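These are the residues of each chain, in order.
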Amino acid sequence: MSQKKEYPELPRKKLGPGWWLGNRHYTVYMVRELTSFFVAVFCILYIYQVAVLAATPGSYSQYLDLLRSPVMIGFSIVTLGFTLFHAFTWFYLIGRVQPLKFGGWTTTPVQSLIINTALLAVISMVIIGLFFLGR
Amino acid sequence: MSVAARLHALLWGVFSLGGFIAAFLLPVLIYVNNIAYPLGLWPVTSRDPTSLLVTDQIIGSFFVFVAIAGSLFHGVFRFTATLGELGLKNQVERIVSVGYALIAVGILALLYYLLALNPSFVNMVLHILGVR
Amino acid sequence: MARYRPEKGPKQYWQEYKVPYRRDTVVLDALNQVKAEQDGTLAYRWSCRMGVCGSCGANINGVPRLTCETFLHDFKGQELVIEPLANFPVVKDLVVNFEDFMEKLVRVKPWIIRDRESPVEEGEYKQSAAELERYSQYSSCINCMLCYAACPVYGLNEEWLGPAATALAYRYIEDSRDQGKKVRFPIVHDMKGIWECTLVGECSVVCPKGVDPMLAIQKTKILGAMEAPKSILNPQTLKAILPRGGQ
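Chains as they are written, first to last, in the working numbering: chain A, 1 to 135; chain B, 1 to 132; chain C, 1 to 247.
Please note that the accuracy of each hint is not assured.
[What the hints assert, rightly or not] No farther apart than 25 angstroms at their CA atoms in a straight line, the calculated lysine to any residue pairs in the SDA-like style are these:
(1) A/13 <-> B/88
(2) C/192 <-> B/17
(3) A/101 <-> C/33
(4) C/181 <-> C/222
(5) C/209 <-> A/24
(6) C/181 <-> C/205
Simulated from the structure, these hints should not be mistaken for lab results. Remember, it's a predicted structure, so these values are computed and weren't measured experimentally.
So that you can see chain A by itself, here it is in the shape it has in the complex (with noise of 0.2 angstroms):
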């Protein structure tokens, strides 16, 4: 009788660093991940535009001046809209994850996502009207 031969298997294929570019859930999770780049980045910038009022108050205006550059502008811009994308997303997630009940409703994720960014906006406004307005 032959003895049962064993054949090789092809080995599990190497996922490479561009794997999120060939499929849009991918993606969208990947562009998703990287607003966290541009999250830490302000925090970091925003952390010595304390440190500067604090220690150097004669080299703030300087840094000031420097937020008035096209720059910083476009990179505020740019910041702003990747956390309001990293916001939407995290309400919907945390929509399905855990979703909101009031009474016998409970939120769909989109639900959730609404009542999220309309919590977010009377937020900033009320942070807006406490310390900015009329000052």
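Got chain A sorted already, so can you dock chains B and C onto it with the hints?
Below, chains B and C without anything else, positioned relative to chain A:
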């Protein structure tokens, strides 16, 4: 749960809280400080928004601390995980360590400078503690 | 179709087939037609033909699907590219080695664990409709492995526990009859467990039974995050993280 997993679970909880903070508090700060003020858009203020917020203003300083510390934690934590998915898997441990160091230094620096900008609050606390 | 015939050669290659088409032809019908009338060497798995056995998963135009539920008419005008499920070693043609998946399913102990087994005379473990509702969605898994094929985290790291195994663990954690939380938690809350997941969500997109493993993983993370502060005060943990063992 292993020790590493317990710590990670705790840090994930903080990361998750940071996600809420970045979503609800960061957009208005970016808009007012980095877009509205330099371009002279609403709400127009007499001074730059940051010095209005934090100079001898403990509530504003608290808002800045929560918004920036929470968002920094969330952003760095998430970005270091993303780098692993972009092909830097072998360097992930080193990247994560650098990330946590950046978070720690950033939050401590922010706390230090905010307290430096709020001498009345610091004096009040020291007075309560009986140090001054 | 991606072919791999190790008895003929070491590499994967492409082979084109033309099949008769009717409005209700599914990819599995096409595979069966090829095997019966064009090329008897073609190897693939299938069984029920109705989306309940989980045998017939394949990557179709880059997306993991069940071949018995994928209609050719959805690809009218396009080329149909059929490959074995991604992220698994290939045995032959569309047949993959799923030993890793099976090991992970068993690892989460997918059975009711009780502190004390009640004797038969005490009757069945009762459960209300509301208690059943808490986990019934997660018990719908047919072990088709589409979620593993779709998950880039599993693609990058084979050690990750994976969507289906985690959803299965959550199914038992949420089952009111189960008392095995302290046994399952260390398994799912391991660094190669749920903490690898970065919420891509593709597992839930491809799942043919609506199990939503992404949701199960996030709910398990929340349970872990709530458990961690309590367990962080555990003497063993404090000893490990405090200088000089906390002495």
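Do the hints match the structure? See the list:
{"no.": "1", "hint": "A/13 <-> B/88", "verdict": "17 angstroms, holds"}
{"no.": "2", "hint": "C/192 <-> B/17", "verdict": "23 angstroms, holds"}
{"no.": "3", "hint": "A/101 <-> C/33", "verdict": "51 angstroms, violated"}
{"no.": "4", "hint": "C/181 <-> C/222", "verdict": "14 angstroms, holds"}
{"no.": "5", "hint": "C/209 <-> A/24", "verdict": "22 angstroms, holds"}
{"no.": "6", "hint": "C/181 <-> C/205", "verdict": "28 angstroms, violated"}
Of the numbered hints listed earlier, those contradicted by the structure are 3, 6.
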